[in-house]
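Number of protein chains: 2
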Amino acid sequence: MFDLFSVDDHIIEHAKVWTDRLPARYADDAPHVIERDGREYWVWEGETFPQMGLNAVAGKPQEKWNLEPVRFSDMIPGCYDPRARAEDMREDNILASLCFPTLAGFGGRVLNNYADKELASLCVAAYNDFHIDEWCAAAPEMFVPCIVGQVWDPVAMATEIRRCAAKGARALSFPEGTVSLGLPSLFSDFWNPVWEACTETDIVVCMHIGSSGELTNPAPDDGPFVLPIALGNVNACAAMVAFAMSPVPRRYPTIKLALSEGGIGWIPSAIERADRQFLKHRLWAGMDDLLPSQVWERNIWACMIEEPFGVKVRHDVGIDKILWECDYPHADTLWPHSQKQVAELLADVPAAEAKAMTSGNAEELFRWKIGVGGVGGV
Amino acid sequence: MFDLFSVDDHIIEHAKVWTDRLPARYADDAPHVIERDGREYWVWEGETFPQMGLNAVAGKPQEKWNLEPVRFSDMIPGCYDPRARAEDMREDNILASLCFPTLAGFGGRVLNNYADKELASLCVAAYNDFHIDEWCAAAPEMFVPCIVGQVWDPVAMATEIRRCAAKGARALSFPEGTVSLGLPSLFSDFWNPVWEACTETDIVVCMHIGSSGELTNPAPDDGPFVLPIALGNVNACAAMVAFAMSPVPRRYPTIKLALSEGGIGWIPSAIERADRQFLKHRLWAGMDDLLPSQVWERNIWACMIEEPFGVKVRHDVGIDKILWECDYPHADTLWPHSQKQVAELLADVPAAEAKAMTSGNAEELFRWKIGVGGVGGV
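Line by line, the protein sequences give chains A and B. Sequence positions in the first sequence follow my numbering and run 8 to 385. Sequence positions in the second sequence follow my numbering and run 8 to 385.
Careful: at least some of the hints might be erroneous.
Same chains, same label: a pair holds when it works inside one copy or across any pair of copies.
Here are the simulated SDA-like cross-link-like pairs (lysine to any residue), alpha carbons at most 25 angstroms apart as the crow flies [unchecked claim]: (1) K287 - D229; (2) K67 - L286; (3) K376 - N100; (4) K67 - K287; (5) K347 - L290; (6) K67 - L290; (7) K71 - L290; (8) K23 - M59; (9) K263 - Y48; (10) K287 - L222; (11) K71 - L286.
By construction, these hints were calculated from the structure, which means they are not laboratory data. It should be emphasised that the depicted structure is a prediction, and the values quoted were computed from it without experimental measurement.
Please work from the sequences and hints to get the whole structure.
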C-alpha cells in the first residue's frame, strides 16, 4: 500500500463559509445560498450562480455526470464536510491532501470579478480563515493549507500571505494566466509584492489549470465540453513556459511553482522546445542565459494522476519534480480506487522512485510530513 | 547522407505574383509592392504591410535577426526565387520540399480579411497558379504543390481544390483554428465541401502553426516574442485534439491531416490525455467510441525538426506518423546544416526508421517519389 500525498483536491464550500464570517451589513451581498424552483443557488452582489454538477462527481457513475446544477444533498458529504473528506481520504490511504477552492475560484479568480473590492477582500480573508481554521483544523495532520489572495491588489495580497503563513499556510492558489483576468502578466513588476511574500514565507505558488478563467477551446460554440477538458495540459504548458522565461524566477531564485492538474508527460517536449527557441532568439531579444530548462529544474514541480506515458518518461521529466494528485471530487479522480490505480501505474517503477513521486517530493516541497503535518518554521 | 523530404518550407512571394495574374482593373487593389522611405512594402485594398524580417532569416547570423521590415535585396534569393531555392535545397540534399505561402497567409488566412471577396478569390487562384505553374514548375521533381483556398466560401474552395488537384496539387494549407478567423469550427457542417474535395482528390490537409492567426501568448503586452514562438506546439495540440474529436474523421474516414511545424514530442502525452478524457466524458456527452488515439493512428501525421526527446519517444509517437521539415527560410531552419543536424538527431536510430521519418512516410503521404516527383493518379 502506498502512503499517498495528493497535491490537488477540491473543496465545495458549504453554505455558511462567508455568512458565518462577514459583517452583518454584507448579509445580502456576501456569497450565500438560496433555494429556488427546488434547486440551490449561490447569490452574491445580487447575481445568481448554480453549482456545476461536474465539480462534484465523486462516487457517481459516469453516465450520470453532467453540467447541470446540483444540490448539496446530491453530493457525497466528503465534497463539503472536512471530517467526511478526511475519512474518504483515509479509505484510499491518502494521508495528506492540498485542496483548492470552488466558489472563490482557483487563484481567487471569481472574487476578482466582485464590483465591491472591500467585500471581495473580506471574502478572501473569510475563505482563508474557513480553510485553515475549519477545514484544515478538522484533520490538521492531513489538510495542507492552501490560500487565495486579492489578485487585484498585490500589496494587500502580500499582507494576507504573511498573515496566513503565520497560521500555517503552505501554498497559494494563483491564476495560471493573469492577462485574461484583466491583470498584468508575469513580465510586469505589478506582482513583485506577492513573489516577495511567497519567497519570504516559503509558500508554494500553485497554478491550477483553468484558474486563468480561460479554457483552450477550438470549438466554443458547437464542440463538446470534453474538448477543452482534454486540452487542460495546454494551459499548464503556457503557464510554465511563460514563468520560465519571465523575470519572476530571475528576481526570486528561490520561488517555488507547482503546476496543478496539468499532467507531466508533455513537459520534456515543452522544455526542449522552449530551450531551443530561447537559444535561437535570446540574442536579438536581449535576454539573459538562464534557460527554461534550468528554471524548470530549480523552481517548478508538476503532478500526475493517470499517465502511463508520463511515468514512462519520468526520468526525462525528473523524478524529483513529479507529484501525485487525487482530484477528489472532480471528474479526474479515481477515488475510491486510488491504491489500485497507483499500483498499476507504478507497477514497473522502483520503490524509491514511486515513494518520491507519491509522497516524498510533496513532503519536501510543502514542508509537510505524512501522518504528522506541517514541519519546519515559516 | 540522407535523402531528405521537407514537409514544411516557406515561399516569400516575389513582387509580381499577383500583378502578373490579376485583371488590370485590380492594379491598385491587388497585392503589389511599393517603395517608401527606402523600404519596400506590400499594398492591397489601400493598406500597407511590411515584410517581417523574422520570416527570412536563412543565411543570417542570429544577432542580426529582428522583426523589422526587410527588402527583397536583404534576403538571400532562395527566399523568393524557386531556382535559387532548389539549388539551396540540393546543397543540403533536400530532394523534395513542400512550401507554404507568406503574404497569402498560411491557409489563405490573410486573404480571408479582404473586404472584396471577388478580389480575394482571384488572389487565391493567382497564388495557386503562381505556386504550381511558376514555383513548382521551376523544379517539378522537388516542389510538392501545396495550395490555399477561399476559406470564407467552402463551395468555391472545393472547386479550387479540384481544379488544382488536376494540375498536380498534393496538399491544402488550411487554418489550424477557424473560430479565431470568424469562421465555424471543425464541428460544423460548413466545411464538408472542403473535406469531400480533399478525400476525393487525396489532397492532404496541412495545418501550420500560426495559421489560425492567433498565437498562444500569456504576455502579449510586455513579454518577449520568443514566448509565443516557444508555445507553437500548443496550437498544434489544440488543432489535433479538436480534429480527433470532431465529426471530420468520422464522416471522412480516409481524410489525411498533417500538422506542420508543431513538433512531435508532445503527441503521446496529448493523445493519452485526450483518450482518457474522451473515455470519462463520452457517455454523458453522447459521443461515439472512436478514440482520439485511433484517429491519430489512422488520419494524422506530424513533423519534427530538432527534437531529441521526440526521437527518443518515436515509437510512442509512431514511426510511420513522423515527417521531417527544414523550415527554410524561417528561424527554425538549420539549413545549410541539415545533413549534420539530421545525422546527429538520428545517430542512434536504425536506418529503416530514419529513412521512414526523413523521406519514406512523406513520400507515401503525399504520393511523391524522391528524385522523381508526383506519382499515382488524382
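Outcome of the hint check:
no. : hint        : in the structure
1   : K287 - D229 : between (39 angstroms within a copy, 20 angstroms between copies)
2   : K67 - L286  : between (49 angstroms within a copy, 15 angstroms between copies)
3   : K376 - N100 : within (14 angstroms within a copy, 59 angstroms between copies)
4   : K67 - K287  : between (50 angstroms within a copy, 12 angstroms between copies)
5   : K347 - L290 : between (50 angstroms within a copy, 23 angstroms between copies)
6   : K67 - L290  : between (54 angstroms within a copy, 13 angstroms between copies)
7   : K71 - L290  : between (55 angstroms within a copy, 9 angstroms between copies)
8   : K23 - M59   : within (18 angstroms within a copy, 57 angstroms between copies)
9   : K263 - Y48  : neither (37 angstroms within a copy, 47 angstroms between copies)
10  : K287 - L222 : between (30 angstroms within a copy, 18 angstroms between copies)
11  : K71 - L286  : between (50 angstroms within a copy, 14 angstroms between copies)
Comparing the model with each earlier hint shows a violation of hint 9 alone; every other hint is respected.
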